[in-house]
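Undergrad: Now for the letters of each chain:
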Amino acid sequence: MKHSFIALIEDKCTSCMLCVRECPAWCISLDSHTIDVTEEGARRPRKVNVLDSFEIDYSLCMYCGVCIDVCPFDALAWDEHRALVTTNREDMLLGIVELGPSGSS
Amino acid sequence: MAVTRYALTSDPSVSVEVVSASLACCTLEVQAALNSGALIQVPESDAGPSVIVIAGTVTDALVPSVIELIHAHPGSKVMSFGACATSGGPYWDSPPVSKGIDQFVEVAAYVAGCPPRPDAFIQAIQELLSKRVS
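Read top to bottom, the protein sequences are chains G and U. Heads up, the first sequence is in our numbering, so the first residue is -15 and it goes up one at a time. Heads up, the second sequence is in our numbering, so the first residue is 27 and it goes up one at a time.
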């Protein structure tokens, strides 16, 4: 597997912040909010995190894979995107959509 | 400072002058790319653009030298190769390291990675050449 891109599988992310805290370059930022989910028969609503934004700053990323290793839900994975070459530094900040795995789009 | 002219093996009609500023470990990837076979060395000529590759950590002490190098090659394009040159990379919170060379000079291409893979260098050269051609 080429270490050429780190993809986010949005459905698996629980906004636990482990990747954000463990990243040695501090290149991941994450924002989320909590909602109450009421299930039938449950005694009280369940708290569920909803991912609002997830960004990897590829101008800082070291491609070390620590975020992939620490993710308990396998929401981050190596991916076969082409290497990232941009003419603009802002284009290196990739959000949820751009980080989607290459097979999905 | 090594100045050598290279052409794409797949399209030798366009060549590019590569000035590699070897500041840190990213240089190894640039050397690997230059010797990978995807680029061939061609004789010196005045035709074609010139690319200055800033590969590695640019400390504050090095900034004047980097600016001097870029000004010594007027009209050339600057490639920020790797996280350090682009944003300070893993040293972004280190006081003596500059947080990206785009604070001082205009950058034509940023290459992500720490280090970027050699094929990322080839890809960046291709993109710089295609912009020149079109």
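Hints were generated in silico from the structure; no laboratory data involved. Virtual Cβ for every residue (Gly too), placed ideally from N, Cα, C. Each hint should be verified, as a subset may be incorrect.
Derived EDC-like pairs: lysine to aspartate or glutamate, alpha-carbon spacing no greater than 20 Å straight-line [what the hints assert, rightly or not]:
1. G:K(-4) <-> G:D15
2. G:K(-4) <-> G:E6
3. U:K125 <-> U:E94
4. U:K103 <-> G:D15
5. U:K125 <-> G:E74
6. U:K125 <-> G:D75
7. U:K125 <-> U:E70
8. G:K(-4) <-> G:D75
9. U:K103 <-> G:D58
With beta-carbon atoms standing in for the labels, derived distance ranges [claimed, not checked]:
10. G:H(-13) <-> U:S48: 34 to 44 Å
11. G:H(-13) <-> U:H99: 24 to 34 Å
12. G:D75 <-> U:S91: 22 to 32 Å
13. U:P69 <-> G:I80: 21 to 31 Å
Undergrad: If a hint holds in the structure, say so; if it doesn't, say that too.
TA: Taking the hints in turn, this is what the structure says about them:
About 15 Å separates the Cα atoms of K(-4) of chain G and D15 of chain G, which keeps this hinted pair within 20 Å; it holds. Restraint check for K(-4) of chain G and E6 of chain G: satisfied, since their Cα atoms lie roughly 18 Å apart, inside the 20 Å limit. Restraint check for K125 of chain U and E94 of chain U: satisfied, since their Cα atoms lie roughly 18 Å apart, inside the 20 Å limit. Taking the CA atoms of K103 of chain U and D15 of chain G, the gap is about 37 Å. The hint is violated against a cut of 20 Å.
This hinted pair checks out: K125 of chain U and E74 of chain G have alpha carbons roughly 14 Å apart, not beyond 20 Å. Distance hint between K125 of chain U and D75 of chain G is fulfilled; the C-alpha atoms sit about 17 Å from each other, no more than 20 Å. The hinted pair formed by K125 of chain U and E70 of chain U fails the criterion: a straight-line CA distance of about 34 Å is larger than 20 Å. Pair hint K(-4) of chain G plus D75 of chain G does not hold up; C-alpha atoms about 25 Å apart against a cutoff of 20 Å.
A hinted pair counts as satisfied when its Cα atoms are at most 20 Å apart, and K103 of chain U with D58 of chain G does not qualify at roughly 40 Å. Here the CB-CB span from H(-13) of chain G to S48 of chain U is close to 23 Å, at odds with the stated 34 to 44 Å. Against the hinted window of 24 to 34 Å, the Cβ-Cβ separation of H(-13) of chain G and H99 of chain U comes to about 33 Å, which satisfies the hint. For the pair D75 of chain G and S91 of chain U, the supplied restraint of 22 to 32 Å holds, since their beta-carbon distance comes to about 28 Å.
The supplied range of 21 to 31 Å is broken by P69 of chain U and I80 of chain G, whose beta-carbon atoms lie about 49 Å from each other.
Hints 4, 7, 8, 9, 10 and 13 from the earlier list are contradicted by this structure; the remaining hints agree with it.
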